[in-house]
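**Student:** The lines below spell out each chain.
Protein chains: 2
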Amino acid sequence: MLTTTTKPRGTSDYFYQLDPSLDLLINFAKNLSRLNGYYEIVTPIFEHKELFVRSVGSTSDIVEKEMYEFVDKNNRPLVLRPEMTASVCRCIIENNLLMKMALPIKTFYIGPMFRYERPQSGRSRQFYQFGVECIGSNSYFDIVEIVIFALSFLQIFHYNEYVLKINNICGCETRKKWITALKKYFSKYKEKLSIDSQKRLDKNPLRILDDKIDGEKDFVKKAPKITNFATKDEIDYFKKITDIFDQQKIKYVIDDTLVRGLDYYCNFVFEIESTSSLLKGQPTLIGGGQYNTLLKKLGSESTNCVGFAIGLDRLIVALTNNEIFKKQKEMYLNVDVVIAPLESKFDSYALSISNCLKQNAISSLTKFGTNKLEKHFKYAQKQKAKFVIIFGEKEIKENVVLIKDQKTRQQEKIELKNIVSYLYNKLGWKK
Amino acid sequence: MLTTTTKPRGTSDYFYQLDPSLDLLINFAKNLSRLNGYYEIVTPIFEHKELFVRSVGSTSDIVEKEMYEFVDKNNRPLVLRPEMTASVCRCIIENNLLMKMALPIKTFYIGPMFRYERPQSGRSRQFYQFGVECIGSNSYFDIVEIVIFALSFLQIFHYNEYVLKINNICGCETRKKWITALKKYFSKYKEKLSIDSQKRLDKNPLRILDDKIDGEKDFVKKAPKITNFATKDEIDYFKKITDIFDQQKIKYVIDDTLVRGLDYYCNFVFEIESTSSLLKGQPTLIGGGQYNTLLKKLGSESTNCVGFAIGLDRLIVALTNNEIFKKQKEMYLNVDVVIAPLESKFDSYALSISNCLKQNAISSLTKFGTNKLEKHFKYAQKQKAKFVIIFGEKEIKENVVLIKDQKTRQQEKIELKNIVSYLYNKLGWKK
Chain A
0 MLTTTTKPRG
10 TSDYFYQLDP
20 SLDLLINFAK
30 NLSRLNGYYE
40 IVTPIFEHKE
50 LFVRSVGSTS
60 DIVEKEMYEF
70 VDKNNRPLVL
80 RPEMTASVCR
90 CIIENNLLMK
100 MALPIKTFYI
110 GPMFRYERPQ
120 SGRSRQFYQF
130 GVECIGSNSY
140 FDIVEIVIFA
150 LSFLQIFHYN
160 EYVLKINNIC
170 GCETRKKWIT
180 ALKKYFSKYK
190 EKLSIDSQKR
200 LDKNPLRILD
210 DKIDGEKDFV
220 KKAPKITNFA
230 TKDEIDYFKK
240 ITDIFDQQKI
250 KYVIDDTLVR
260 GLDYYCNFVF
270 EIESTSSLLK
280 GQPTLIGGGQ
290 YNTLLKKLGS
300 ESTNCVGFAI
310 GLDRLIVALT
320 NNEIFKKQKE
330 MYLNVDVVIA
340 PLESKFDSYA
350 LSISNCLKQN
360 AISSLTKFGT
370 NKLEKHFKYA
380 QKQKAKFVII
390 FGEKEIKENV
400 VLIKDQKTRQ
410 QEKIELKNIV
420 SYLYNKLGWK
430 K
Chain B
0 MLTTTTKPRG
10 TSDYFYQLDP
20 SLDLLINFAK
30 NLSRLNGYYE
40 IVTPIFEHKE
50 LFVRSVGSTS
60 DIVEKEMYEF
70 VDKNNRPLVL
80 RPEMTASVCR
90 CIIENNLLMK
100 MALPIKTFYI
110 GPMFRYERPQ
120 SGRSRQFYQF
130 GVECIGSNSY
140 FDIVEIVIFA
150 LSFLQIFHYN
160 EYVLKINNIC
170 GCETRKKWIT
180 ALKKYFSKYK
190 EKLSIDSQKR
200 LDKNPLRILD
210 DKIDGEKDFV
220 KKAPKITNFA
230 TKDEIDYFKK
240 ITDIFDQQKI
250 KYVIDDTLVR
260 GLDYYCNFVF
270 EIESTSSLLK
280 GQPTLIGGGQ
290 YNTLLKKLGS
300 ESTNCVGFAI
310 GLDRLIVALT
320 NNEIFKKQKE
330 MYLNVDVVIA
340 PLESKFDSYA
350 LSISNCLKQN
360 AISSLTKFGT
370 NKLEKHFKYA
380 QKQKAKFVII
390 FGEKEIKENV
400 VLIKDQKTRQ
410 QEKIELKNIV
420 SYLYNKLGWK
430 K
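Just so you know, the protein sequences line up as chains A and B, in that order. The opening position of the first sequence corresponds to residue 0 in numbering that gives the first Met the number 0, with each subsequent residue numbered one higher. The opening position of the second sequence corresponds to residue 0 in numbering that gives the first Met the number 0, with each subsequent residue numbered one higher.
If you are wondering where the hints come from, they were derived from the structure by calculation, not from laboratory data. Among these hints, one or two may not hold up.
One copy or two, either will do: identical chains are not told apart, so a pair holds if it fits within one copy or between any two.
Derived pair list, reagent style PhoX-like, types lysine-lysine, alpha-carbon separation capped at 20 Å [said to hold, decoys possible]:
1. Lys374 x Lys99
2. Lys187 x Lys416
3. Lys396 x Lys220
4. Lys239 x Lys344
5. Lys383 x Lys29
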């Protein structure tokens with residue numbers, strides 16, 4: 000393997016001129032965020048390792064097995080961020096934003112995350128996530144609103160092969176009681192559990208519930224439920240949320256095996272799963288929930304928060320056959336004008352026209368150094384140019400150019416000084 | 000130091016709601032790229048170390064001292080990318096794009112780069128770069144066009160505190176002869192050179208020329224010039240470019256100490272330096288040039304290429320007092336509507352209105368869980384909302400809302416079914 004001509008295993012190149020899928024989803028995400036009043040946050044690609052140990056949890060798969068770790072030249076342990084919620088909270092605390100901003104703080108992020116996993120369809124070791132965080136909420140309506148936000152990302156594409164799964168994983172105290180009960184219960188069935196699940200028994204028995212194989216076993220399905228340990232407040236709170244879902248006609252399924260893989264979640268959690276065969280084995284498109292104790296755990300005050308994240312690479316797979324997405328991709332490539340000097344000795348003239356167009360917001364491309372008109376037209380076709388501007392000796396003398404409309408195939412002679420207004424008119428723009 | 004509440008040294012958080020500078024520059028860069036027919040390329044954050052050793056050069060400061068190195072779990076040496084030109088070329092080769100695309104390939108990138116340097120004003124260890132690459136060019140007009148592209152990024156802001164420096168560093172053969180002559184020449188002055196320069200003498204004597212201290216010494220200024228070794232073709236080629244600059248009225252200075260710090264450059268190189276006191280000691284805003292042998296060095300065929308890169312963090316510093324940039328920043332924060340239910344028991348009603356607005360592309364925010372109208376207005380002010388929609392028991396019964404224009408302070412009673420058309424009209428949008 001030539002390491003100079005191969006990307007690292009589990010990573011991707013996105014060359015938008017050939018496949019603009021990621022850019023399109025990023026633009027949709029930014030537009031939806033704007034509609035919902037969310038502003039972007041950009042944090043470093045790497046963080047102190049301790050941040051994720053404390054937030055995601057030392058016994059989580061992510062922290063135990065999946066982090067890209069390194070040290071800087073002062074031997075400080077750093078990791079490529081495996082997720083962003085912890086980074087957002089670190090930034091909120093470090094910059095004292097709970098004091099500076101109107102609450103709730105509504106912020107979103109888009110960027111690469113890193114997990115050293117076995118590369119699989121729709122999830123690489125470097126993968127792109129879009130996520131939103133609502134920090135300092137004092138109403139369960141913020142939770143409903145964020146679920147609607149998540150759903151709207153699918154509705155743009157009229158994508159309806161999904162199911163919204165929700166669960167009440169209660170507060171820390173209740174979860175502790177439940178985990179104790181689960182440990183006790185599962186230890187009776189230890190020999191029936193997979194090796195992986197046996198390892199989890201002591202450290203993280205919740206993950207036995209959503210294990211792909213063990214989760215299907217009868218005794219796992221019959222394991223104690225968290226609702227047996229929940230307080231009245233916890234049950235009421237969850238009920239209030241589902242009541243609003245009902246009012247707003249949002250369909251959901253309560254799934255009591257839904258526990259999420261990160262320690263910081265509490266109370267209301269949700270996942271949107273694709274039901275399409277395109278994502279078999281990896282159906283989760285969107286995951287999120289509340290994390291009311293995370294800021295406190297990181298050294299700030301207790302603050303109600305809710306958020307979600309979408310794996311964009313997986314969403315691209317889910318949208319493979321989507322007509323709306325396909326159409327968007329087709330429309331992506333285009334340039335207003337290709338400039339075609341009949342001989343390369345007029346390249347300088349072409350450059351001047353090109354500068355003038357760009358100063359008037361008209362995009363233009365020129366293939367310099369050619370004497371062949373058909374090369375310009377081939378180029379214009381490949382670049383999906385709307386117009387081709389042609390000129391040679393004769394046109395330059397007369398102070399005109401020929402402008403060919405690539406759609407109608409019609410060609411007109413236009414005075415040099417009128418090129419911009421002619422094109423504005425043709426493009427339907429206002430001067 | 001609490002590692003959970005501090006970002007790693009030399010990195011930054013960008014919270015756009017408070018300071019949107021980076022986002023604004025990214026948007027300008029994307030818009031200029033569109034005008035110039037450049038499409039984005041997104042490559043992994045890390046690459047095989049060997050890629051940069053082979054391209055940037057094993058004796059360059061970047062490769063010798065500044066890379067964040069780590070190994071994956073199979074002990075493959077990886078590094079966080081210190082620059083992007085090598086990654087772009089790797090991607091071009093790996094995906095066989097020289098065959099697939101119309102030439103020249105015009106592509107741009109924006110994203111974080113990583114160099115383990117002493118953090119300094121406008122340059123962090125993680126810093127943001129925008130860069131463009133024109134690959135497979137067969138005309139020197141592409142070089143002029145790319146310099147115009149670079150200049151236009153400053154012209155948007157009417158920024159004119161800069162100087163365009165250019166130089167002819169010729170091809171490999173000529174440079175080899177020159178380097179041999181420089182080694183011979185400088186070894187006569189060895190004891191007059193700084194310790195750093197003495198180390199460079201054998202490996203990279205070019206860097207003595209642009210060393211901040213030694214570069215000012217008389218004997219360094221009198222060192223042999225590359226033009227003494229240049230072929231006629233090399234001199235003619237450079238002359239053709241400066242002739243077009245003259246024709247297009249582009250001002251430049253020929254600086255024969257301009258060598259750039261990366262091995263892959265050849266022939267025409269340029270830098271745009273700020274003359275503002277804001278960037279004292281670190282004046283380079285934009286740097287670029289030709290790299291005609293890089294693709295071959297990485298295993299592909301010899302291909303003429305030219306590109307440039309802009310450090311966005313440093314450009315932000317340069318634009319500190321720029322009026323156009325300031326105005327853009329002021330206009331960044333805004334939301335169309337804040338929805339203000341008079342009592343929190345109407346939050347569900349607010350949610351329905353908010354959903355309807357968003358489905359019609361009107362952005363809206365609601366502060367849920369409050370019974371105080373002044374809180375809604377304070378929130379609307381902080382979020383720079385254009386309109387506030389108010390309703391209580393009475394309005395709900397009558398199927399109306401009150402809409403207050405935050406600019407004119409006027410308030411009107413609007414029927415529920417007319418909210419969207421009323422706002423479209425007020426916002427000057429077409430239905």
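**Student:** Against each hint, give a clear statement of whether it holds in the structure.
**Tutor:** Comparing the hints with the structure gives:
no.: 1; hint: Lys374 x Lys99; verdict: between (58 Å within a copy, 16 Å between copies)
no.: 2; hint: Lys187 x Lys416; verdict: neither (87 Å within a copy, 62 Å between copies)
no.: 3; hint: Lys396 x Lys220; verdict: neither (85 Å within a copy, 49 Å between copies)
no.: 4; hint: Lys239 x Lys344; verdict: between (75 Å within a copy, 12 Å between copies)
no.: 5; hint: Lys383 x Lys29; verdict: between (26 Å within a copy, 19 Å between copies)
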